[in-house]
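Chains A and B, in that order, give the protein sequences.
Residue 1 is where the first sequence starts when you use my numbering, and the numbers rise one by one after that.
Residue 1 is where the second sequence starts when you use my numbering, and the numbers rise one by one after that.
What the hints contain is simulated information worked out from the structure, not anything from laboratory work.
Glycine included, C-beta positions come from ideal geometry on N, C-alpha and C.
Any given hint could be a false lead.
[To be verified] Covered, in the sense of this in silico footprint (three residues per stretch, anywhere, with C-beta under 8 Å from a C-beta of chain A), are these stretches of chain B:
id : segment
1  : 49-56
2  : 151-164
[Unchecked claim] Pairs of lysine to aspartate or glutamate residues, derived as EDC-like cross-links and limited to a Cα-Cα distance of at most 16 Å, are as follows:
id : chain 1 : residue 1 : chain 2 : residue 2
3  : A       : Lys-85    : B       : Glu-107
4  : B       : Lys-103   : A       : Glu-89
5  : B       : Lys-103   : A       : Glu-57
6  : B       : Lys-112   : A       : Glu-89
7  : A       : Lys-31    : B       : Glu-141
8  : B       : Lys-112   : A       : Glu-57
9  : B       : Lys-103   : A       : Glu-88
10 : B       : Lys-35    : B       : Asp-73
11 : A       : Lys-33    : A       : Glu-54
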Amino acid sequence: MSYQSQIKNVPGKKVKKIMLYTLSTCIWCRKTKALLSELNLEYDFLDMDLLSEEDQEEAYTEMESYNPHLSFPTIVINRGEQVIKGFEEEMIRHLGHKND
Amino acid sequence: MINISKNAVEDLFSSLSSFNSCRGYFLNPDTAFTKSLIESLLINDDRYGYQACPCRLASGERSLDLDIICPCDYRDSDVAEFGACYCGLYVSRQLAQTGEPIKPIPERRPTKQDRLKSSNKKEIAMSEESNSIKYPIWRCEVCGYLCARDEAPDTCPICGVSRDRFAKVNIVTVAAK
Ligand code: SF4
C-alpha cells in the first residue's frame with residue numbers, strides 16, 4: 001500500500017497501462033521517460049532510489065516478480081502482459097502504434 | 001532533492017578525463033551524456049557517502065555495495081564484451097574514437113541471493129599450501145592487477161580504486177606427479 005502513493009503519473013495518450021520502475025539517477029531511465037513523453041503516451045513511474053527503506057523493500061519484491069534481475073528501467077505493460085528490460089528503443093516506440 | 005553544482009560536475013569530469021586518458025580507460029565521448037552520469041555519481045556520493053553506480057539501486061551499506069562503486073567490478077568485462085559499461089560512462093577505445101552510439105547492456109551483476117552466496121569466497125582458491133610464499137597476493141577485483149605485499153595498496157596503481165576493492169589470493173600448489 002505504502003509505496004503506491006509514491007507512484008507518479010505522466011499524462012498522455014492512453015494506449016496501454018505502462019508502469020516504469022526507475023532510478024532518479026539512471027540515465028537510461030531518463031531516456032525511457034523522455035521517449036514515452038515524446039511519443040505522448042501516458043505512464044506511471046516509481047523512482048525506487050527516492051523511497052524509504054521500508055517502501056523500497058516492498059516495491060523491490062513487486063519489481064522482482066516482473067524482472068528477477070532487478071535492472072533499471074523495468075517497464076511493465078498491462079500489469080505484466082509484457083515486460084521490457086532496459087531502454088529498448090524499438091520496443092518502446094512500438095508501444096505507441098500498438099492498438100492491435 | 002540533492003542539487004549538485006555545475007562546477008562540481010566540471011571538476012569531476014576533468015579529473016576523470018585526465019586520470020583515465022593515460023590508463024587505457026575512456027569516458028563516453030558524448031559529453032552531455034557523460035556529465036549527466038557524473039552528476040548522478042555526485043548525487044549518490046552525497047546520498048550514500050560513496051559514488052554508487054547511478055544505474056543500479058544501492059543498499060546504502062558500503063560493504064554490500066562494494067562491487068557497484070564506480071568504477072564497478074563489472075566495468076572492464078562489459079567494456080570488453082559490449083564496448084561500454086552498464087551505464088555507458090566508460091566505453092572501449094574503439095567507441096571513444098568512432099562515437100558510435102551504445103546500446104543497452106544486460107545486467108552482469110549477480111542477483112542478491114547469488115551475491116550473498118559468494119560473498120564468503122572473496123579469497124580466490126588456488127592451492128592448499130598458502131604459507132609457502134613469503135607475501136600474500138592481492139588481486140584488484142576491478143582491473144585484475146596482482147601484487148604481492150603485506151597489505152593491498154591504498155589505491156590501485158592501475159585503475160585507482162581503494163584498498164577494500166582488493167581480494168586476497170589463496171595460492172595452491174598442485175603436487176607434481
Ligand atoms: S563503471 Fe559504469 S556501470 Fe560501473 S559503476 Fe561506473 S558508471 Fe556504473
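Now for the hints, and whether the structure bears them out:
{"no.": "1", "hint": "49-56", "result": "holds (count 3)"}
{"no.": "2", "hint": "151-164", "result": "violated (count 0)"}
{"no.": "3", "hint": "A:Lys-85 / B:Glu-107", "result": "holds (10 Å)"}
{"no.": "4", "hint": "B:Lys-103 / A:Glu-89", "result": "holds (9 Å)"}
{"no.": "5", "hint": "B:Lys-103 / A:Glu-57", "result": "violated (29 Å)"}
{"no.": "6", "hint": "B:Lys-112 / A:Glu-89", "result": "violated (28 Å)"}
{"no.": "7", "hint": "A:Lys-31 / B:Glu-141", "result": "violated (31 Å)"}
{"no.": "8", "hint": "B:Lys-112 / A:Glu-57", "result": "holds (13 Å)"}
{"no.": "9", "hint": "B:Lys-103 / A:Glu-88", "result": "holds (8 Å)"}
{"no.": "10", "hint": "B:Lys-35 / B:Asp-73", "result": "violated (21 Å)"}
{"no.": "11", "hint": "A:Lys-33 / A:Glu-54", "result": "violated (25 Å)"}
The structure fails hints 2, 5, 6, 7, 10, 11 (numbered hints given earlier, in ascending order).
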